[in-house]
Amino acid sequence: MSAQTSKLGRFGRIESRDLTQAAVFAGLLAALGLPGTLSLGPTGVPITLQTLGVMLAGSILGPRKGALAVALFTILAVAGLPILAGGRTGLVALSSPTAGFFVGWLPAVIVIGLLTALMMPRYRVLWGIAINVVGGMAVIYLFGTAGLMLRTDLSWWAALSTNGIYLAGDVTKAVLCSYVAAQVHRARPGLIAPVRTRSDD
Numbered sequence: 341m342s343a344q345t346s347k348l349g350r351f352g353r354i355e356s357r358d359l360t361q362a363a364v365f366a367g368l369l370a371a372l373g374l375p376g377t378l379s380l381g382p383t384g385v386p387i388t389l390q391t392l393g394v395m396l397a398g399s400i401l402g403p404r405k406g407a408l409a410v411a412l413f414t415i416l417a418v419a420g421l422p423i424l425a426g427g428r429t430g431l432v433a434l435s436s437p438t439a440g441f442f443v444g445w446l447p448a449v450i451v452i453g454l455l456t457a458l459m460m461p462r463y464r465v466l467w468g469i470a471i472n473v474v475g476g477m478a479v480i481y482l483f484g485t486a487g488l489m490l491r492t493d494l495s496w497w498a499a500l501s502t503n504g505i506y507l508a509g510d511v512t513k514a515v516l517c518s519y520v521a522a523q524v525h526r527a528r529p530g531l532i533a534p535v536r537t538r539s540d541d
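The sequence shown begins at 341 in the working numbering and counts up by one.
Treat the hints as calculated values from the structure; they're not laboratory data.
These figures come from a predicted structure and were not determined experimentally.
None of the hints are false.
Estimated spans, in silico, between C-beta atoms of each pair:
{"#": "1", "residue 1": "SER495", "residue 2": "ALA533", "range": "39 to 45 Å"}
{"#": "2", "residue 1": "ALA371", "residue 2": "SER435", "range": "23 to 29 Å"}
{"#": "3", "residue 1": "THR360", "residue 2": "ALA419", "range": "19 to 25 Å"}
{"#": "4", "residue 1": "GLY504", "residue 2": "THR360", "range": "36 to 42 Å"}
{"#": "5", "residue 1": "ILE415", "residue 2": "VAL474", "range": "23 to 29 Å"}
{"#": "6", "residue 1": "ALA498", "residue 2": "LEU466", "range": "29 to 35 Å"}
The beta carbon of each residue, even a glycine, is placed where N, CA and C say it ideally should be.
With the sequences and hints as input, model every part of the structure.
Below, the structure written as structure tokens:
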């Protein structure tokens, strides 16, 4: 094994270029927080562009590198850098009713990446949209709903229902992400290794 390559468990090898790509997307996540937030509804859960960054990381980098990107961003945010939308730090987000949405980014990017890898080497826009909705929106909403229940006195149904006002915006992000990912994979094939099935062995 070269000095630039290390093992990362079942996800295989991680190389220096993988770390570079992850760092670029962590920077993209931070940049998408610069426009700020728009809060709707009684819970104060903000609308941000950073969930688009989570979808892009999973759709373009896959589960391993996408998770690295979100993990790096999370570490920097929790360490005190005000890189979350609205200039918030990770600790501020974790102590608020929005904590679950923030925590849900990492599992969401992994699910998006895994499902995207299953359809590679050819990225299909419609499948990509479905993956971003199921792997991105649904997972983040699940964690966000749990966080709202823990931080407020909302019931499960009331907490879940608050997500309704964000659906249109998040579906738009899912569609935009899929079109961007399709163009990137067309220009740079091989960013995500296809998942091997038993029939491939």
